[in-house]
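Chains A and B, in that order, give the protein sequences. Residue numbering for the first sequence follows our numbering, starting at 1 and increasing by one per position. Residue numbering for the second sequence follows our numbering, starting at 1001 and increasing by one per position.
If you are wondering where the hints come from, they were derived from the structure by calculation, not from laboratory data. From the three backbone atoms N, C-alpha and C, an ideal C-beta is built for every residue, glycine too. One should not assume that every hint holds.
[What the hints assert, rightly or not] Derived contacts from chain A toward chain B, CB cut-off under 7 Å, selection only: (1) 83; (2) 205; (3) 253.
[What the hints assert, rightly or not] Some chain B residues flagged as far from chain A (calculated, every beta-carbon gap over 10 Å): (4) 1043; (5) 1129; (6) 1269.
Protein chains: 2
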Amino acid sequence: MEDVHFCTSYFDPLSLAHKALHVNLSDVAAMGATPLFVLGGISIPMLHQEYAKEFLHNFADMCENTGIKLIGGDITASRDRIFISVTIIGVARTKAIKYRCTAKPTNIICVVGELGYAHLGLIACEKSLSEFGLYKKPFLRPTAKTKEGIWLAEQDAVTCMMDISDGLLVDLRKLCKASDAKGVIDLELLNPSIAFREDCAILGLDCMDVMLTGGEDYGLLCAIDVEKLHCFAKDFAKIFGYPMKRIGYITNGSGICFVNNGLWKNKKLKPFSHFGESTEF
Amino acid sequence: MEDVHFCTSYFDPLSLAHKALHVNLSDVAAMGATPLFVLGGISIPMLHQEYAKEFLHNFADMCENTGIKLIGGDITASRDRIFISVTIIGVARTKAIKYRCTAKPTNIICVVGELGYAHLGLIACEKSLSEFGLYKKPFLRPTAKTKEGIWLAEQDAVTCMMDISDGLLVDLRKLCKASDAKGVIDLELLNPSIAFREDCAILGLDCMDVMLTGGEDYGLLCAIDVEKLHCFAKDFAKIFGYPMKRIGYITNGSGICFVNNGLWKNKKLKPFSHFGESTEF
Chain A
1 MEDVHFCTSY FDPLSLAHKA LHVNLSDVAA MGATPLFVLG GISIPMLHQE
51 YAKEFLHNFA DMCENTGIKL IGGDITASRD RIFISVTIIG VARTKAIKYR
101 CTAKPTNIIC VVGELGYAHL GLIACEKSLS EFGLYKKPFL RPTAKTKEGI
151 WLAEQDAVTC MMDISDGLLV DLRKLCKASD AKGVIDLELL NPSIAFREDC
201 AILGLDCMDV MLTGGEDYGL LCAIDVEKLH CFAKDFAKIF GYPMKRIGYI
251 TNGSGICFVN NGLWKNKKLK PFSHFGESTE F
Chain B
1001 MEDVHFCTSY FDPLSLAHKA LHVNLSDVAA MGATPLFVLG GISIPMLHQE
1051 YAKEFLHNFA DMCENTGIKL IGGDITASRD RIFISVTIIG VARTKAIKYR
1101 CTAKPTNIIC VVGELGYAHL GLIACEKSLS EFGLYKKPFL RPTAKTKEGI
1151 WLAEQDAVTC MMDISDGLLV DLRKLCKASD AKGVIDLELL NPSIAFREDC
1201 AILGLDCMDV MLTGGEDYGL LCAIDVEKLH CFAKDFAKIF GYPMKRIGYI
1251 TNGSGICFVN NGLWKNKKLK PFSHFGESTE F
């Protein structure tokens, strides 16, 4: 939805096409499925017809290049804002499909992909800052973890998987609620890079808060059998050329809590909510 | 899209749920397929959350009652208008699937369902007229011709099929363009009822124009082998309890033309267009 999820002032039609496709591919990746078909619905206001034409052209090209068949959709008029709705159909081996309701106590919580980069990109775009290119790309053109998702789905060690679209905290809370378990995040393990810390500071943001609540990263969130973690994490790094990030563990209970230097820690955060409800942790 | 395809002032949430489902079922019916799965995406502005909740509740109930499985979708915030996007997945016997590109010269053009009723319903709703209930229902709660579509798809006599969503003229023109043929509409065959004529007159409308250009009827448009038409039409009427309407024929050429009392006739009409382009016939 224009002016909620994107603004045409900083989203060129190519970036928007990329994002519209990949945020949906991310959901397919999260179940370990291979995307096959896509349907795209778009409503276009009069004033944006040229922009929308370019968007559609790029979207169709991108589907073809990704090997996904664009099999249908709908183009209609809208009053004053662009609306885009994408449906992707994928296939997976029934036994390999990963759900969000199957995490077990003692499982290790791991994250695939960077945390908080997209949020810095959003801030940089909204403030029209010419720097911070490193973060703008993950925000404007996130890349779904399709290959990682398919590989992770085939690993028995992965007990539970979902994508991170609304921010780590919100999505981990969903995973824990669905699994009837509690998530413990070890703040030391978040371990932001020095550059990321500095960039957050320049923008007046707390880097831990950004990593915990920044949305739209489109990474993957997994729960992993603690006994199989070691060789499994090594394999992942070898195959994909970057490490998974261990950030905590699952235990009995409900909700999310934090530890820091081995001590429980309270944190007041305002994570993303589609409808602006405020939640404290 | 709110304020383009519907207004909440005259669409109660139940009617809107009905329409959102059936306008999509109509596309599935047009190919002769049996609907199996549905995905619903909705963007909701803050002010409309109660309305949207009721819509979603009704939509889910309706899917269940229709025997279609609601398998997914997305709920997000919007700025100031409701947007709904529905995807339905159906199955059909490969050989029975009907397309819009296969009409042949000499084929008879037939219509299933009333023409122009939904348009009168729209006018009555927009003008807040308490009468015209007969037309409001087809506008507010159109019923997809699912059973008819499945039956017609199994008939070899039917060479071509699509649904009528943008009005007879616009949709017949699409069918003819796709089939590289010309459509001839016999105005006498439109044969509006006396009541319909009178109601059009009360609303200051030309009844023939309404039948030709009024949108959102969600009937079916077929091309039928002339030699098989007779017994086929009898079977249809017997099974469904109402007749198909013969309205013209396919010939060589392109575009649409009209005959009246055996004479060619020019007509100036402004059919529906999603983006307001004006077309004359």
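We went through each hint and held it up to the structure:
Evaluation of the residue 83 of chain A hint against chain B yields a held restraint, the C-beta minimum of about 5 Å falling below 7 Å. The beta carbon of residue 205 of chain A comes no nearer than 23 Å to any beta carbon in chain B, farther than 7 Å, and the hint placing it at the interface is violated. At its closest, the beta carbon of residue 253 of chain A sits 28 Å from a beta carbon of chain B; the interface hint therefore is violated under the 7 Å criterion. At the 10 Å boundary, the C-beta of residue 1043 of chain B falls inside the reach of chain A, the nearest C-beta of that chain being 5 Å off.
Here residue 1129 of chain B stays apart from chain A, with its beta-carbon at least about 24 Å from theirs, past the 10 Å limit. Look at residue 1269 of chain B: its CB is around 20 Å from the nearest CB on chain A, clear of 10 Å, so calling it non-interface holds up.
The structure does not agree with the numbered hints 2, 3 and 4 stated previously, though it agrees with the rest.
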